[in-house]
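2 protein chains.
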Amino acid sequence: MITVLSGGTGTPKLLQGIKELVDNDELNIIVNTLENEYFSGVYVSADIDTVLYTMADMINEEFWYGVRDDTFITHERLNEIGTPELLRIGDIDRATKIQKTLLLENHPLDEVVKIQARNMGIKANIMPMSNENSDIKIVTDIGELEFHDFLIKHQSEPEVLDVVFSEVAPAPGIIEVIKNSKAVIIGPSNPITSILPILSLDGVREALKETHVVAVSPIIGNDSVSGPASKFMKALGIPVSSVGVASLYKDFLNNFVIDDKDSDLKEEIENFIDEVTVTNTIMKNLDDKKKLSELILNNI
Amino acid sequence: MITVLSGGTGTPKLLQGIKELVDNDELNIIVNTLENEYFSGVYVSADIDTVLYTMADMINEEFWYGVRDDTFITHERLNEIGTPELLRIGDIDRATKIQKTLLLENHPLDEVVKIQARNMGIKANIMPMSNENSDIKIVTDIGELEFHDFLIKHQSEPEVLDVVFSEVAPAPGIIEVIKNSKAVIIGPSNPITSILPILSLDGVREALKETHVVAVSPIIGNDSVSGPASKFMKALGIPVSSVGVASLYKDFLNNFVIDDKDSDLKEEIENFIDEVTVTNTIMKNLDDKKKLSELILNNI
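Order-wise, the sequence lines are chains A and B. In this text, residue positions in the first sequence follow this note's numbering: the first is 816, and each later residue adds one. In this text, residue positions in the second sequence follow this note's numbering: the first is 816, and each later residue adds one.
Mixed in with the good hints, there may be bad ones.
As the list claims (entries may be wrong) - Here are the in silico distance ranges between beta carbons for each label pair: (1) Val954/A x Val979/B: 51 to 57 Å; (2) Glu895/A x Lys952/B: 32 to 38 Å; (3) Lys952/B x Ile967/A: 40 to 46 Å; (4) Arg1020/A x Gly897/B: 35 to 41 Å; (5) Ile967/B x Arg1020/A: 51 to 57 Å; (6) Gly936/B x Ile967/A: 25 to 31 Å; (7) Asn1037/B x Tyr853/A: 38 to 44 Å.
These aren't lab readings, by the way, just hints derived from the structure by calculation. Every residue, glycine too, gets a C-beta built ideally from N, C-alpha and C.
Isolated chain A (complex conformation) (with noise of 0.2 Å):
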């Protein structure tokens, strides 16, 4: 049993070739639940849908949100009808949405998770984080922002001062899944935002330091290969860089995986890791995300 720590758009990439090279019905993935919130009246959990399409082949490659080849015809009408939506809501991924949203009055979120999974043909266990609501707020130079706030209406450009969120309880299961998994792989996620919510649950770093821990540096030399991660990094006083990423996993972390570039870095970070390993982190296509996973795989 493998299991994957999830969020974002990093590790879903990770997940195409994983998912190609393992057998499902062994596989946990744990996904944050951290921006979770309501949006024209139905239920987003970005992050776990995104996992979801990407484990039903569904996913769109170009956002790493929503459905390839989704219409919008409901979201460009509400727009026309005065009621523009944050969130760009496909007709396909809005279904998901709406079911997600009906389930929930009846059942907890990592319920939920399993039967849209099902419903979809997937054989790996995805795991909400929580099932509790949380929130997370990203302090800014010009104010305190909701997540989406910041990523969307502001593209990610104001300057970040803080980022805080709630404490929730793990959803059941979590911990037992990473103390029975032969290895936990922290994919190439934004350490701050997706995988640091996964990490200040009650009982998952102590189960990590039991476990065999591989992660993916989600950063390139001074920068992240996507998303605001340096933003949030360096707001938080963390050098932004393998090293940085480095030193949020030390107390539980077996090896490292870094990017060729950063071989240099190699020496620095093995004097707090274990196993620092160089290879191609950049994933351009299925052949990039198997060779990867595969290394990881081999090395477990």
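Once you've looked at the hints, dock chain B against the given chain A.
Structure of chain B alone, referenced to chain A:
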């Protein structure tokens, strides 16, 4: 100023004629809200939306429900992933319903409808009969059914034993609008489930007594022109004929319009209604609708 009482599908057909002939700024349409209900997480006020789409020239004239040439991408996907919708909501139509649901968080229904009508470029004043949530139950030989369950799921097939609906307060301005109108037109809608709910609002029958009222019969011979009206009338012990309909309106009705085919009933109805007009009431095309509207408007 003219006011039309509307519900279901009969009156909207007549409205297509009336809207071509009168100053729409001087036209009020009071609409039944008794069947309003939440479906798939959105507030559905079927009769109001039918009037909105009719007045915005968007109505699907095959079903007199929803938008012409709409797509059903979200609806079909919901079906595919295991959450079928009882109501067939199109993608454009869904935007109306999402907007209504969101606006209802901060506005009463009458204001919501005004906003939506304005957004759709409608000049007529569309008024829901009530801002209160209400309920209609159809008592049948297979048990008590929600109205939409009876209509859609059971295709109006069970035998109707009784119709029960909750009392609600009229929306602000309804009584004044009726009193201040030159005439009130009751369209050929189901008298039991569309018109009686409006008539049973506190003060409506009294206000109608002070106004010139014309009604168009929805019954020809012993059957309803469309829909299950005859079933409901039978259940309540009302003769299924234009005579039966007239008896429901007799305390305030000035002029009753019946179909040519019912000309033999003219005399009987004239025993308790001042004036009976015999004409073609079957509206197959815009010309029929305009002719019937013209005759009504010329007689007020």
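Structure-based check of all given hints:
1. Val954/A x Val979/B: 51 to 57 Å: 56 Å, holds
2. Glu895/A x Lys952/B: 32 to 38 Å: Roughly 37 Å apart at Cβ, these two residues keep to the hinted range, so it holds.
3. Lys952/B x Ile967/A: 40 to 46 Å: Given about 44 Å between the Cβ atoms, the range holds.
4. Arg1020/A x Gly897/B: 35 to 41 Å: 37 Å, holds
5. Ile967/B x Arg1020/A: 51 to 57 Å: 53 Å, holds
6. Gly936/B x Ile967/A: 25 to 31 Å: Roughly 30 Å apart at Cβ, these two residues keep to the hinted range, so it holds.
7. Asn1037/B x Tyr853/A: 38 to 44 Å: 51 Å, violated
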